[in-house]
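*Asks:* Since the structure of chain A is already known, use the hints to place chain B on it.
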Amino acid sequence: MSDMTPQPTPPRPRRLLLPLFLALPAVVFLIVFFVAPLFDNGMRSILTQDGWTVSRYVSLLTDRFYLGIIGQTVLLSAGVTLISVVIGYPVAYFLVRKAGRFAGLIIFLLIAPLLTSIIMRTFGWQVLFARRGLVNTLLVDELGILSAPLRLTNSPEIAIAALVHVLVPFMVLSIATVLQGIDTRLEESAKILGANRLRTFWEVTLPLSLDGIGTGAILVFMIANGSFVTLVLLGGGLQTLPLMIYQQFNTTRDFGMASAMSMILLVIAVACLFAQLRLVRRKGA
Amino acid sequence: MPVAQREAGKGLLLTGIHKSYGKVAAVKDLDLHVGGGELVALLGPSGCGKTTTLRIVAGFEQPDTGTVEIDGEEISSLPPHKRHLGMVFQNYSLFPHRTVAENIGFGLRMAGMAKSARDERINTMLDLVHLQGRGNVFPAKLSGGQQQRVALARSLVVNPKVLLLDEPLGALDKSLRESMQFEIRGMQQRLGITALLVTHDQEEAMSMADKVAVMNGGRILQIGAPADIYDRPKSRFVAEFLGTSNIFEGRASDDGSALVVSGPHGPFSLTLPQPQAHGQPFLLSVRPERMTLTPGETSDGRGSGFAGRVVGAVFRGNYAAYQVDVPALGRELFVYRQADGPLGSTTYHLGQAVVLDWAPQDGVIVSGE
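Respectively, the protein sequence lines represent chains A and B. Just remember that this note's numbering sits 18 ahead of the position in the first sequence, which is counted from 1. Just remember that this note's numbering sits 332 ahead of the position in the second sequence, which is counted from 1.
Only chain A is shown next, with the shape it has when bound in the complex (with noise of 0.2 Å):
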């Protein structure tokens, strides 16, 4: 056992054709449905009828109009990730620690929304809140609390509601996953050690399950970065890169603006995988 250099290992036979095979119909598939398309979007991006331009994400990230409009989208996906965080984080505390034998249950309360279709789900929200909804009814007629209705739909308010409410769930799954790895012998541990149960939460829990809150956050900020028809049905005025496509779309049919805008959303996005990218690595080190 003297001899330590590696003896040289003969070549090896090309079996690379299969696999290559098999990965085919997934290749072709990638290529024509999402690399083609994307590259198109690019192209329409950047081209004009005489050459190509980068004039419009100049004016994209100069105009103040515009950088308001990426300011918002940005700005309304972060409170909605905000307000999931706070109210994700004592359901899911809920869920793992106390919930026993209704977590089935739970779950499956959170997960109902979203097997209902976005459209039929942000109606509902009309009928709580309209003018003569159930809201209003109540709080006007039944109760007599109030004089007059409130406005309550079309406002950024209910919007955010909305959002809230179909992007929780993604929140309280992501955090609840973390928890559930959290032997509770830490926390009994700092409890021996001295520390009543708010400091063990703020020292102990809070901290090894800031993982969860991440991913969690990074997925709830991405899909309300995207989100169209809760906004366009009522939003209330709220003015966001998607509704702003669409509107270059249908109304002004400037196809090239609304590429785009669409690749700075697709930017946006992008920079969330590579955060949460880092996040599992940090965890793996």
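Heads up, a few of these hints could be off.
As the list claims (entries may be wrong) - Short, incomplete list of chain A residues facing chain B, as computed with Cβ under 8 Å: (1) D201; (2) R203; (3) L204; (4) E206; (5) K209; (6) I210.
Simulated from the structure, these hints should not be mistaken for laboratory data. Remember, it's a predicted structure, so these values are computed and weren't measured experimentally. C-beta atoms are modelled at their ideal positions from N, C-alpha and C, and glycine is treated no differently.
*Replies:* Leaving out everything else, chain B in the frame of chain A:
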């Protein structure tokens, strides 16, 4: 044990503890006293209530009835963080997001100690558990034994009134376990800390504890010094859970000096260590290492001993374990003999005819419990 450690009112006192989960009683009417500076081991199979008892002391479980007192002060209604205890878990339970030093200093920080004073105590503790200079490392970078030493340091640095040890060595390999037994025991004695150890490992209990309490079915069956519990078990369960025992079942003879046991070829009597009341049914336990073997077909005329045949022989290093079939008894008995034969084999071999015997005073009368 030094008398000074048995100060009245010192240590841990459990009185009338009862705890059920639904209809299942985990702990039944348990009384236990751990004297100041003493280490008592709760030993028993899983589900015997030893862990529940420990968790009741820690405050993680509330007993249905009964009280917990530490140094004369009733603490039953206090939450865990106000009980001033230390606890070491089987899986170490170190905070993975904190360095070794931060782990050790956690309890001090919770107590509001200033950083400079904390650092000094942490360094003293690191020296004590032979982890000098490893303070800035995260627990995941340490070996199992090192992690367990950090856990020990973390629980001792706060000067707990009682140290709770929940299967502390269960996750370590055998060789490391032995040295950690000495280390934990040494530190506990040096600091004079009252300690309660929960384990299912009889060797761990016997080598670390001043007193061993054998538990089964939510009750303490017997409590005493390790040698006392091992050599004078009161019940069949204790005799069989702590080591191995050969149990004989029968009734006292007419004069009460022997145990009459029925065998396939008629009854025979075994001389008892102490006379018993006539006709009473009871059990006699004889440890395998108290049995003697001599080669040969029949007894040598002294009238004692049973002829048998070796049907199992296991080499265990310093001793050999034999299974000897005794036709007169219609059963097999366990015999441990020191390795004194030629090197490289057991003294007796499979199929060999032997005569099996033991001194009457090596038998122990036990209850059937």
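*Asks:* With reference to the structure, classify each hint as holding or not holding.
*Replies:* Right, here's what the structure says about each hint:
1. D201: D201/A check passes; min Cβ-Cβ to chain B is 7 Å, inside 8 Å.
2. R203: 4 Å, holds
3. L204: This interface hint holds because 6 Å falls under the 8 Å limit.
4. E206: With Cβ-Cβ at 6 Å, under 8 Å, it holds.
5. K209: 4 Å, holds
6. I210: Holds: closest Cβ of chain B sits about 4 Å from I210/A, inside 8 Å.
In summary, this structure violates none of the numbered hints.
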